[in-house]
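Fit chain H with the ligands to the given chain F structure using the hints.
Those protein sequence lines, which keep their order, are chains F and H.
Each step along the first sequence adds one to the number in full-length UniProt numbering, with nothing skipped, and position 275 is 275.
Each step along the second sequence adds one to the number in full-length UniProt numbering, with nothing skipped, and position 126 is 126.
Watch out, some of these pointers could steer you wrong.
Okay, derived cross-link-like pairs now, DSS-like style, lysine-lysine, Cα gap no bigger than 27 Å in a straight line [what the hints assert, rightly or not]:
1) F/Lys63 to H/Lys88
2) F/Lys454 to H/Lys96
3) F/Lys488 to H/Lys229
4) F/Lys128 to F/Lys118
5) H/Lys153 to F/Lys421
6) F/Lys60 to F/Lys424
7) F/Lys421 to F/Lys409
8) F/Lys410 to H/Lys229
9) F/Lys60 to H/Lys140
10) H/Lys224 to F/Lys51
11) F/Lys60 to H/Lys162
12) F/Lys488 to F/Lys409
13) H/Lys140 to H/Lys128
14) F/Lys424 to H/Lys153
15) H/Lys153 to F/Lys409
16) F/Lys328 to F/Lys454
17) H/Lys162 to F/Lys409
18) H/Lys96 to F/Lys60
19) F/Lys63 to H/Lys96
20) F/Lys3 to F/Lys263
21) F/Lys51 to H/Lys88
22) F/Lys410 to H/Lys153
Just some of the chain F residues that point at chain H, by a computed CB distance under 10 Å [as the list claims (entries may be wrong)]:
23) Ala71
24) Thr82
25) Arg87
26) Asp194
27) Lys420
Hints in this document: simulated from the structure, not taken from any laboratory.
Every residue gets a Cβ at the ideal spot worked out from N, C-alpha and C, and that includes glycine.
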Amino acid sequence: MKKINDAVDVIIVGLGWAGSIMGIELAQAGLKVRALERGEDRLNSDYAYPKPADELAFTKRHKIMQSPHDAAFTIRHNASETALPMRELGAFRLGDGVGGAGLHWTGMITRPTPVDLKMKTYADEHFKRGELDEELRIADFPVSWEEIEPHMDFFDKVCGSSGETGNLRGVIQQGGDPFEGARSNPFPNKPLEDSLNATLFRQATQEMGLHPYSMPSAAVSVPYTNPYGQQIAPCNYCGFCQFYSCLNYSKASPQTAILDRLKQFNNFDYKTRANVIRVEKHADGKTATGVTYIDENGDEVFQPASIVILSTFGLNNVRLLLNSSIGKPYNPITEEGVIGRNYTHQYGGGFTLFFDNLEFNPFATAGPTGTVISDYGTGNVETAQLGFIGGAKIYSSQPTGTPMAAAIKKGAPSWGSGWKKALKESYGHSMGVKLEGSNMATRGNYLDLDPVYKDRFGMPLLRVTYDYVQNDLRMLQYMKEKMEAITKHLNPTQYSHNILKMDSHFASSPNYVNTHNAGGAIMGDNPRTSALNRYLQSWDVHNLFVMGANAFPQNFYANPSAMVAGLAYWSAKAIREQYLKNPGPLVQA
Amino acid sequence: MANEPCRIGRRPFIIGSLIGIASLGMKGGVSSVFAAVPSTADELKQYQPVFFTAEEWQFMLAACDRLIPSDREGPGALDTHVPVFIDKQMLTPYGKGEDWYMEGPFDSHASLLFGYQMPFPLQVLYRKGISLTNQYSRIKYNQNFCDLPARMKDAVLTDLQKNVADFSQFGEADLNAGYFFTRLLENTKEGYLADPQYGGNKNMAAWKMINFPGARASFPQWIKIHNVKYPLGPVSLSGEQA
Ligand SMILES: Cc1cc2nc3c(=O)[nH]c(=O)nc-3n(C[C@H](O)[C@H](O)[C@H](O)COP(=O)(O)OP(=O)(O)OC[C@H]3O[C@@H](n4cnc5c(N)ncnc54)[C@H](O)[C@@H]3O)c2cc1C
Ligand code: SF4
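Isolated chain F, as found in the complex (with noise of 0.2 Å):
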């Protein structure tokens, strides 16, 4: 028999960024939460110097990362393929046991602009009819610029950002990016320091004319004392940065930012190990009982509770949704339904610079370090006459300096003495001229149940149908162009390029690209088209509220996180001081 555990107030299930923020936002509020996560537990001491310096483990055998046996997702181009399971980490590395994604990411803290939240109305302001492709599903953000930018503020507070600031209150800051949304308060903290890399963009950026600015950081650049009275080290450039768990206490994450005072709370406890398969509704099917999950030992328990928020993260949330029969499915011939619409993800590639006779010494690093231009950004330019809408920040970093991710020059073998000769010199002789770009949802990209493949507890995985955009693809080619500019202003040696072309196709592996998914369980105003209201409750059962990037209509090309993390503080606040009160649905449909 099922065992069941003692009720709770709040049942938060995955303990990333978003379940983190939860919990002490809802313990704070005198609540009884418990955090069920599926992962191990993760202590800051088991990945003190040196043991996170170590690349085959980390970013070779994603050591801290979900592995496809515990959860894979299935992938196809489009709906007359067949799905096939991304058998080893790929395109997308998601985080998995305390601290989530949040415990490896690069801790870039890019935001969206007012612009992004009001796609939708800029389009219609800035197309004429029939300008943009059909397929295209633009829609705005149901949250005002002014509503949410208070809640990445304090997210930035939490996390001690360091960077320039551009915009503060409408009024434009030198050195920072002119482009940015006006910031209720400066960055905490200065920026990181700039490598050789990050120097030589800057430079050539501002000698054309271009905006650059310091990478906003999550990564701190002093010691720090967030509001929650945790202690941050400053960032010490030790090189092992995106794919690895800061060794120093410096990269923000939910240990170093939250999770330590959050465990001090008596009404919070945490469960590692606990698989969630299901949310359980109550009859009437407007309210959620609680959660069953898998325990340590295979069992099954079922754990009571008066609200619960999902925040496994976007994909994994989208497949609980669907696993629990929350929500109508998408349909993408019909266009009914809301669960999987508007699935997104991201863009990446870019510039290879080779300079014979300049050392990088690419390993002093930090994740986030870097200098990044705006100006092709979404509004920042007329894009009608093109034939496209959106846009990227281009930038230079060097994430990481481990050799294995060394570029190799252009030409050069791949193996025997013509590589080796190749590799010894390239390392330490490169930079990278990137972009990261956005990506529009379509009426085919969409998120359901596959109907072959299941985990190990018998669950269906979920399947992702997803190519790349025509829209966006137009997009990258007016951008490789700009970054061909900069790219021939440094003058390298030669250089080489991975932009998509206009017939690429969207593979799942091996490379990474990045884990910005997005959409899938979308927020809107109309519960015909969103899976969520502006509060991230379900339309459906109000006592469930869902966490994660799952809520962004279509993907912006800033990172995700702080735009994760705003629309957590939002909604904890409108669950504090309006659900509480009055539980129930927040919007009326």
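Only chain H with the ligands this time, still in chain F's reference frame:
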């Protein structure tokens, strides 16, 4: 048919021992220490594989030696014990396929856009890949891979890489030669460049060659010093210096 153990060429031994001397020189140790340290080649000869059979081991030695040969540019895969690294990887969860999603149905002929889709864990991939490559080599050149002269070894490896070698002709429909080669090459490079605790990158020789300082992992000063070659040699996770 040549089935007796192949011999490794002599050149790598010599280069390997030169590197041994160079690193000892850096530590300031002189002749008495030198006498006590066996060459990397002798150690490799004495190594007892934990996964590969004797015949497979000869293949691994020969293949790794061609993928990263020892030459005047620097140490090769044998000097740095890459085959030892790969042998040890076979018994890890990665080698056993415990981290991968290995439920069927499998479509081994799926487009490369889907990544790995073959129905075997790494261990089996290697076992089959080696045996099939030897079969291919025997049909084409009348000898096992490890007995071929260097130029022909390279030709066989190229046939694998380009997927010209068709393993289905030997009754193996699921294994794609190009994929076997890709994995072999990737693991070889990993063994060359990973921390020495995993058995390869012996004496951190590959790191020294490219000037990677290993697990030093602290550069608050060096982030500000631009375009100056970093002067210190590598440190391993266990704290050895080279
Ligand atoms: C390599 C990498 C680099 C990144 N770099 C950046 C960056 O520079 N900037 C940025 O903004 N973002 C970055 N991201 C994305 C960022 O990490 C995520 O946006 C963020 O961590 C999402 O937080 P989350 O709380 O929604 O999910 P997660 O942090 O993924 O946490 C979800 C947790 O839920 C658990 N879980 C999942 N399913 C279940 C279940 N069924 N039962 C119980 N528990 C479950 C997981 O184990 C995990 O711990 C990066 C991601 C990766 C992988
Ligand atoms: S570079 Fe800085 S923030 Fe990143 S892991 Fe190293 S010390 Fe931590």
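Here is what the structure says about each hint:
The hinted pair formed by lysine 63 of chain F and lysine 88 of chain H meets the criterion: a straight-line CA distance of about 17 Å does not exceed 27 Å. For a cut-off of 27 Å, the pair hint linking lysine 454 of chain F to lysine 96 of chain H stands: about 20 Å separates their Cα positions. Taking the CA atoms of lysine 488 of chain F and lysine 229 of chain H, the gap is about 25 Å. The hint holds against a cut of 27 Å. At roughly 17 Å between alpha-carbon atoms, lysine 128 of chain F and lysine 118 of chain F fall within 27 Å of each other, so this suggested pair holds.
Pair hint lysine 153 of chain H plus lysine 421 of chain F holds up; C-alpha atoms about 20 Å apart against a cutoff of 27 Å. Restraint check for lysine 60 of chain F and lysine 424 of chain F: satisfied, since their Cα atoms lie roughly 21 Å apart, inside the 27 Å limit. With a C-alpha separation of about 10 Å, the suggested pair lysine 421 of chain F and lysine 409 of chain F falls inside the 27 Å cut-off, and the hint holds. With a CA separation close to 23 Å, the supplied pair lysine 410 of chain F and lysine 229 of chain H stays within the 27 Å bound.
As the CA atoms of lysine 60 of chain F and lysine 140 of chain H are separated by approximately 35 Å, the hinted pair breaks the 27 Å bound. A C-alpha spacing of about 25 Å is found between lysine 224 of chain H and lysine 51 of chain F, which places the hinted pair at or below 27 Å, so the restraint holds. Between lysine 60 of chain F and lysine 162 of chain H the CA atoms are separated by roughly 24 Å; this keeps the pair inside 27 Å, and the hint holds. Between lysine 488 of chain F and lysine 409 of chain F, the direct Cα distance comes to roughly 17 Å. Compliance with the 27 Å bound is thereby established for this hinted pair.
Between lysine 140 of chain H and lysine 128 of chain H, the direct Cα distance comes to roughly 18 Å. Compliance with the 27 Å bound is thereby established for this hinted pair. Taking the CA atoms of lysine 424 of chain F and lysine 153 of chain H, the gap is near 24 Å; set against the 27 Å cutoff, the hint holds. Distance hint between lysine 153 of chain H and lysine 409 of chain F is fulfilled; the C-alpha atoms sit about 25 Å from each other, no more than 27 Å. Restraint check for lysine 328 of chain F and lysine 454 of chain F: the C-alpha separation of about 21 Å stays at or below 27 Å, so the hint holds.
A distance of roughly 21 Å separates the Cα atoms of lysine 162 of chain H and lysine 409 of chain F; the hinted pair therefore holds under the 27 Å criterion. A distance of roughly 15 Å separates the Cα atoms of lysine 96 of chain H and lysine 60 of chain F; the hinted pair therefore holds under the 27 Å criterion. With a C-alpha separation of about 15 Å, the suggested pairing of lysine 63 of chain F with lysine 96 of chain H holds against the 27 Å cut-off. With a C-alpha separation of about 25 Å, the suggested pair lysine 3 of chain F and lysine 263 of chain F falls inside the 27 Å cut-off, and the hint holds.
About 20 Å separates the Cα atoms of lysine 51 of chain F and lysine 88 of chain H, which keeps this hinted pair within 27 Å; it holds. Between lysine 410 of chain F and lysine 153 of chain H the CA atoms are separated by roughly 25 Å; this keeps the pair inside 27 Å, and the hint holds. This hint holds: alanine 71 of chain F has a C-beta 9 Å from the nearest C-beta of chain H, less than the 10 Å allowed. A distance limit of 10 Å between C-beta atoms decides the matter here; for threonine 82 of chain F the minimum to chain H is near 7 Å, and the interface restraint holds.
Look at arginine 87 of chain F: its Cβ gets to within about 5 Å of chain H, closer than 10 Å, so that hint holds up. Evaluation of the aspartate 194 of chain F hint against chain H yields a held restraint, the C-beta minimum of about 8 Å falling below 10 Å. For lysine 420 of chain F, the shortest C-beta to C-beta distance to chain H is roughly 5 Å, which falls under 10 Å, so the interface hint holds.
Checked against the numbered hints above, the structure breaks only hint 9 and satisfies the rest.
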